[in-house]
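Take these sequences, add in the hints, and give me the full structure.
Going down the list, the protein sequences come from chains L and F. So the first sequence is numbered by my numbering: it starts at 1 and just counts up by one. So the second sequence is numbered by my numbering: it starts at 963 and just counts up by one.
Each hint should be verified, as a subset may be incorrect.
Taking lysine to any residue pairs in the SDA-like style, the calculated list, with each CA pair at most 20 Å apart, reads [stated by the list, open to error]:
#1 623/L to 636/L
#2 732/L to 1489/F
#3 732/L to 1487/F
#4 732/L to 1491/F
#5 623/L to 514/L
Simulated from the structure, these hints should not be mistaken for laboratory data.
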Amino acid sequence: MTLSALIIAPFIGSLVAACLPANARNREAWLAGAIALAGLLFTGWLFMQADPGEVLYERIAWVPALGLEFVLRLDGLAWVFAMLVQGIGLLVVLYARYYMSPADPVPRFFSFLLAFMGSMLGVVLSGNLVQLVVFWELTSLTSFLLIGYWHHRADARRGARMAFTVTATGGLCLLAGVLLLGHMVGSYDLDAVLAARELIITHELYLPALILIALGALTKSAQFPFHFWLPHAMAAPTPVSSYLHSATMVKAGVFLLMRLWPALAGTEAWTWIIAGAGTCTLLLGAFAAIFQRDMKGLLAYSTISHLGLITTLLGIGTPLAVVAALFHTLNHATFKASLFMAVGIIDHETGTRDMRILRGLYRQMPYTATLAIVASGAMAGVPLLNGFLSKEMFFAETLLVGGDSNWWMSYAALAVGVFGVIYSLRFIAVFFGKPDQPLPREPHEPPRWMRFPVELLVLTCLVVGVVPAISIEPILHQGVVAILGEATPQYDLAVWHGFNLPLLMSFLALVLGAWSYQLLRRRFNLRQREQAPLIHRFSGAQAYENTMLAISRAADFMLRHLGTRRLQPQLLAMTLALLLVPALLVGMLPGLLAPAPHPADAFFVMLWVAGGACALAAAWQAKYQRLAALALAGGTGIVTCITFLWLSAPDLALTQLMVETVTTILILLGLRWLPPRLRDAGPAAAPPWPVRLRRSRDMLLALGGGLGLALLSYAVMVRPMPDSIASFFLEKARSEGGGSNAVNVLLVDFRGFDTMGEITVLAIVALTVYALLRRFRPAAESIAIPAQQANPVDAATRQPPAEQANSGYLQVAGIYMRLLLPFMGITAAYFFLRGHNLPGGGFVAGLIFSVAIIVQYMLAGATWVEDRLHLRPHRWLGYGLCIACATGLGAWAFGYPFLTSHTAHVELPLLGELHLPSAFFFDLGVFATVVGCTMLILVALAHQSTRSHRLPEKADPAREAR
Amino acid sequence: MNALPWTQQLILVPILLPLLAGALLIPVNEARHNLKFAVNLGCNLVLLLSALILLGLSDQELWPGHLGVYLAANWMAPFGIALVADRLAGLLLLLTATLSLAALVFSSQGWSRIGVHFHSLFLFLLMGINGAFLTNDLFNLFVFFEVMLAASYGLVLHGYNTTRIRAGMQYIAINLVASLLFLIGIALIYASTGTLNMADLGPRIAALSAADLPLLQIGAAILALAFLTKGAMWPLGFWLPTTYAAASPPVAALLVLMTKVGIYALIRIWSLAFAAGPAAGFGLDALFWGGIATLVFGTLGILAAQEPGRMAGYAAIISSGTLMAVFGHGDPQLLSAGFYYLLGSTLATAAFLLLVGLTERIRSPGAALLALTMEAFAIDEKPEEPVGVGIPAALAFLGLAFAASALVITGLPPLSGFIAKFSLFHALLNGEAGISLRDWTLMILILCSGLAGIIALMRFGVRTFWASGAVQPPRLHPTEAGPVTLLLGLCVAMTVLAGPLLAYLERTTRDLGQAGSYVEQVLSTPAVPSPPRGEAP
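Structure representation (structure tokens):
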């Protein structure tokens, strides 16, 4: 619990901070400061305790199966970075206390800041690479939230999105790279990876892994060509810029390169990728920094340039370069953080950061000005300041790497030195001269404690710059040894190394820089320049937005070609898939098509020709003549029904007949309310060729689908039946199922469970239809009375349906139909009772019963029937399902599984012995459900008429008013 | 009397309880919202409990082979219908119960009242889903699919408006065709093997002659098309985003689960039917590449989508595609990572869909559009006073919940989505056969889809939460915040408990790999002996 406390504490603090009230600036700051200070002291203490060179571990099992362990590992390098993160963090918290306005919602700010601190500590302390990636992405996330802190500003939102897209993409690359490393080494443990250098650099996957990891590091550290997000991240509050975007988070990339240096560095690919990117960044950043007008923008580009310098050093790959890289990382953190804070103070006190307006601030804020000037001296590499030392080491390394012949690296280094001096001078120019226009606010010195962090950091710059050997060397050494181990070179941090080439370069840079600055100022009006020459055309931000827009447009374009929102193309795709997938996977089925064993009967063939014709005609007429199509579909149904009879399946035939009857009637009732589909007006010209083409395609597809299914059916029918489970049912239906009608026994016993599901489906469908039609209003054009019913000659048109049946022209039919009701009821009961042994059963009986009621509805209208007959379809449905379930559950009482059937033999006084199978009750449930379902749909449809007749009358006044 | 032990009877509860409760609620008057809700809630809690117990039971040594077999109507397999509870079924039952509980509580305030019979349809839907997970019979599977689909038709149309009617029409038409394919597939399989029992299929298929095999394979391919239509494989899944966007949020959350039922059925049947013999691994290659195509399609879709509902739909397509490719790949370790991915992505997508309903309250389209244009053209506003806008608690909750679900969907650390992707990659890279082209393709596409998700969801999130100019904090009821918290909390728990969970999933996958013991166990479970004739039981 020792090391993990370092990481857990900030996260807990983050939660606590989020819960504090919005105006609790002091409490928030105290909380965050206390956590940072405690962490700092604890980290320092831990290291004092440990033996030199010892690595502290803490392991918590997480997903052992994947080699994922939560490992915290504190070695010299992690220690140096942890101290940096917490030290700067402490100062930033203090600074932010004064920087943030009382009106800002600070809980969010400190909460995110603490979460970031925890994540960053997680990155540096990770002993497992996957875990490192986790924290890495967390830093991106918290950075996103902090950049977008002032989210009502468009620049903040854009900066946040840009930063997150770039760094999260890099994070994904890093993940892939780490996985490759893990694959090569066989473990994600950092120690194992560091020990496997030979294995890694000779592995065939070394290059992809290196590229992916480099992508991760370069995006995070804002290296060319991914540098563009950093200047836009400056939309964040200044404490965030100072902490995340100069001192710590952007250093995560170089930290990673240092961390993996022992395992990956030293190859040609490493040098080309890392040093190449570093050098480009170095020059580009420094050049762009000169021409900024926003002070934060200048610092951002300068940060990019300095990160490039560190990256270049790491890319060079000599041990001394690593020393210089780590040294410069620390130096840069101190002077850049202090500079950002100074800019924040200026911004805070004057209300602007625009270097075109700012002038002569020295007079109003001499103290801050002095601090900023010293810090920019460090940035420019002025002797006796820390920046000078590491920059000189950089010059020395560039000289070394080029040897005697190749000087390009040294020229680049010198150019960067010159640029650095120029932008440093440009930066401090705000303190001198005479103000020529009024500032938004009258500047004055900031509060005492707001300046304190800057003072402390600048003091560090001075101390390190003057006495490096005493101040920084012990700390630096810890880090260097942790990276290099036995390869640690002899190095000497001193201000004076005698006259040599690096010193000359430093001197040259200072002189040339000062001279160029004057030149630029006098000749090129540097002060009022708004854009960097040459490179301003390559606006990273615009490129990013354009890319995003292009991506989403391209996706949209592809989507329109690869997908659809319309129904017809989807059905087309399904039919195509039905045809192609089996054909491609299995091939055609020639072997399956044996000749039929019996010749076909002529009558049967005729029957099917008629049925097929009906089906085709129904499809043909479906578009404009729905009634005809329905009648024709009914013809097909009858043919199916006769076929069942022909093939000795009376049960199926009976059911099919009843289903056909009921569905046809119900659809007919529904058709009344569909608006007619009108043919297009105009002469029937030949359709244009794309239409014809489409129709031919559909025709072909339909033919193919139909033929394919026909062939399959044929193949199934002509092949001998396999040894199937069917024979079992035939054998056991009577002996164990207790019924001689195997189909019914199958339905209520063997597979009663299926039947229960099916009646549930019926109930659901009925409920859905009811829910849909409950408040349905027919389309306007179908409300009018149909022409057939509106004939003025016909007396019936003026009578309601009930009157027609009672005393009108339907009187004869009415009497007969009403007499028929009890007979149909008895028929239903008859079919129900004989079901277990002969064709019939609850399903058929239910349908017959429904027809009996439908007939009454059709005869005399809904109102008349419902006045006399209280049907409660919902109850029929609900109780029907319950009866079926309860019958099944009855078996539980006897210790049998659900739906186990049992036959009771009851002696009744008049009827004698009665077989009373439990399936009887189950069938009763089926019966009730079917009746309920049909009735519910019928009622839902029938009530349209009662509603729609009211409608036009209600609508009329409104129409007249319009 | 050797009655069935309660543990065995428990297998039926996830099917029977919702059926009974749903049936009893049909006649109850719609005005009695609270009663209906209470019954539904109680039922859901029992389902959750029973799923937990089944999960525990299947992981113990109680049942031989970790399989609980229930013979409905007391007929031995393959003649009767057998229900089988194993680790995978238990896990998915638990997922269903959790998700439905969240959706139900979420709907209690408003969504359940915008139409009639919500609670009955909801319960029937649960019955169908649970039945599909438990059954071991092809035709019974069809029945439960029908129960599930019929209920989902009703629920998609629940509280109908023009959008829902239009989307529902498409949804119903596509699924009816898929059901037809389902039936044709079953018929062909029955015609060639003579059985409907999934356990019985394996041995019978292995014994088929080379001449008989094509018919079976055609049947299986058609059956797979039906499942893949429900699982939204490209080009069969265009219905999905439209339906998700149109359905009411709690229903959409349940639809996320239904997509997975198709894939579950595919995995179940294939691991039994094509485990060995000459047809072993039939069609898996095609499934893999189909999954890849789906992944690409989903990635494009999420980039192009503008409405959050469609975005969630494409996220579901991405996760379907990933799962198809994972199963088609055939590596068992990959499959157990895939199951982990399934759990997390289902929970997060469902949470996201619930959130979508809530974010509608804070969106003001005008402000969002303006902000979008300004960002796209890199127009700088005049820098304003650096004073932030306080996020009221409700808005903060929505923002955090959105961020969490987005993290899981895109697979960013630290939530379960990352572990899922990591374990997928780990399995891909460290498979026994080295890294093939297929492994690289899948890995790169999963990464790309994650990136696309990041871009799309960030765009939506920034627009909704930062640029909306929301002045008033949205009204948020505990019954709306609670379910979202529950689902996302589970994602967090999955991250912390990734070790044990993955170990469990590994056992699950191992079960799937041992088709032989499954077959033996199912076919040898005896029926409860009937009492001698004439004696009243």
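Q: Against the structure, test the hints numbered earlier, and report the numbers of the ones violated in rising order.
A: As far as the earlier hints go, only 5 is violated by this structure.
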